[in-house]
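Undergrad: Go ahead and model the full structure; you've got the sequences and the hints to work with.
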Amino acid sequence: MTLKIGNLQFAGSLGGLANYDSVSFNFTVTSHTLAVGEVHEWRSNWVLDNTDAISTIQISYAELETVYRYCSGALVLNLGTYEIETLTYYKDDLLHIDTFTVNESGGSVTVPEFIVNVRAFLYNAPF
Amino acid sequence: MSVRDHVKDVAFAASIPTDMILGTFTGSLNVAAPGTVATAKVTGSVSVPTAIPEKTLFQGIFSIDGGVTWTDFNSNLVNNTYLPNVALQTQMMYGTSLAGRLVLYADNWNIYTGSGFVAAAYTFQYKVVLFRIKGQGDVISQPVGQRLNFSARYNYQKIYIDSKFDFNFAIGTTTAVLAHNLGYVPKIRSYVDNFSFAAGSGGDSTALYDFGYWLSLYNIFQLYIDETNVYYYIDNSLGGSNLTGTLYTRVYFDS
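Residue numbers (our numbering), protein chains in the order written: chain R, 898 to 1024; chain Y, 271 to 525.
No lab work stands behind these hints: they were computed from the structure.
For clarity, every value in this text was computed on a predicted model and none was experimentally measured.
Cβ coordinates follow ideal geometry from the N, Cα and C atoms, glycine included.
Watch out, some of these pointers could steer you wrong.
To give an idea of the chain R side of the interface with chain Y (calculated C-beta under 7 Å), a few residues [said to hold, decoys possible]:
no. : residue
1   : T953
2   : L976
3   : T978
4   : L984
5   : Y987
6   : N1014
TA: Okay, structure coming up:
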């Protein structure tokens, strides 16, 4: 059956993405100094079983900003003398967050304390 | 009074649009082991016919351990086996939507151990769900894995804004804004189509990508949200020409 999707607000034969589960957690990246070319890693995880689900994740770096960033796998944020790179992935029924601070300058850099806020949402897909 | 004024009290209402799933696709592709020289990678790909004559929005998950664990497209499985060396680029899948097909890609990198590189072949299993794009034309909906595609019991994501805008960003930095004024930070999805940047980056400038794919690779793109707006920041300072394409963004009610 051909459906004229553009004219439809709703169709009983076409479901949406059902809200399934969500978590909100955070961890602190304490103030630290990066030598030239140095990288520091900070890890956290939270129980979130994504079996047969797709997700959307938002990341906020509190104390540095007030917005949430759309994250699909990885975020790379350049702050001039250093970068913050955050990777997200699911493994062993956990949502893993790996945040790295990377020195991008020619000298040592002091990174102020910030908090990585994570919001993760799961949706059932009819796989 | 409108139902949209009381969204938090409503599990479902036919007057509030949902994403409309058009089909699900599952399969696998084998990707050979890369070499053991520095930063070697092999990329496999598969073209999946969809029988839908236009591009669609999509999201996918993949597994490299036989379906035991699943990871979202655009995510790498960080490998901490060889500490203090941490492998950030390991195995990842991503996808593009084109008329009549999905083209899915799987990256397989080798891993630095501290004294050399190790590499292995992988079978990437994937599951992809397709849902309608703004302005979708006539489609024949495709099979889905589960018997029931819709149930009024489920709290489907409710679309508040379904935005499409063509952009032409000049050389320099640009911040484009999509106002939502919801008073809270909403969930969103964002995709980019016919992205001129893709051509110079080894991608397909005729395809539709999850915008998150580009966010994950380049620090010149940012997409962030507050209680009032969605912001797109593009740093085209080093570009030799304007950046063009079409951005699709879906802003959802929170309940």
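Undergrad: May I ask which of the numbered hints given earlier this structure violates, with the numbers listed in increasing order?
TA: Numbers 2, 3, 6 - these are the hints that the structure violates, sorted from lowest upward.
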